[in-house]
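Each chain is listed here by its residues.
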Amino acid sequence: MAWGRSSDADVVSYSVRWAIPPEVINYDPVVNPGVNVGNVVQVPLPLTGMPNIDGQLTIGIVAVDDAGNESDPAEGTFPFDFQPPAPPTNLVVG
Amino acid sequence: MKNFLFGLILSFFLVSIVLGQVIYDKGSFVHFTWSEITTDIQGNPVTEVSCEFKLVRDVTGETFGPYLTNGTELTISRPKSGVFVIWGRSLRYVDGVPIYSEWMNSLMPEYTRLEDGITPGQFKVRFKPSGPTGPIIIY
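Chains P and W, in that order, are what the protein sequence lines are.
Residue numbering for the first sequence is -10 to 83, as defined by our numbering.
Residue numbering for the second sequence is 33 to 171, as defined by our numbering.
Bear in mind the hints are in silico, worked out from the structure with no lab data behind them.
Hints may contain errors.
Said to hold, decoys possible - Facing chain P, a subset of chain W residues (Cβ under 8 Å, in silico): (1) P141; (2) S162; (3) P164.
Unchecked claim - What the simulated footprint calls covered on chain W by chain P, stretch by stretch (three residues with Cβ under 8 Å from a Cβ of chain P suffice, anywhere in the stretch; the number is not a length): (4) 67 to 73; (5) 97 to 111; (6) 152 to 161.
Since the structure is predicted, the reported quantities are computational estimates derived from the model, not experimental observations.
Beta carbons: idealized from backbone N, C-alpha and C, even for Gly.
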């Protein structure tokens, strides 16, 4: 996943939050702090804590400045398949 | 605090309240007004009083200003993102020497008014950081 860098020089990191539609993302940092991914503009998915979903997921990204203030979010809803495969079966020692 | 009066009367757009403090979200600038100062702290008439203000950023304590004016309103452009307390004081010159009032700030209800122009209150101003640009791309 990638996004464009904030134009603010004070921004030191980005925080990613998510919700499964029709639920909307709660951006209250106390209730839902999200995952701080650092001062980067791309991350591999899924992030730690994301649901093993096969379906739509709404993702929101906010910029965080050096005093902990958060920007308004960039947000989008996308289809994902994070379902893990089934474990090996018929394991036999021969 | 002496009886030196500032009545800050601000115009606002978005408001949130944290621990009794009102936080006014602003875009690229904050505009505020105050009452004309016509007396000194003993009630004697004075003229040609100027005011200076500064913004002090929460957490980091960074200070922006002072912004000086002879009027009773001021517009300050967003100095950087963050939550700010507005500090102000007045001054007048006596024989070429500036005489300053004590500092007041926007957390002092006795010197401030909320958006109705009547209710004393404590407030701060927030400039949010700029958000991520462009669309989120999944690849």
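Those earlier numbered hints the structure runs against, lowest number first
1, 4 and 5
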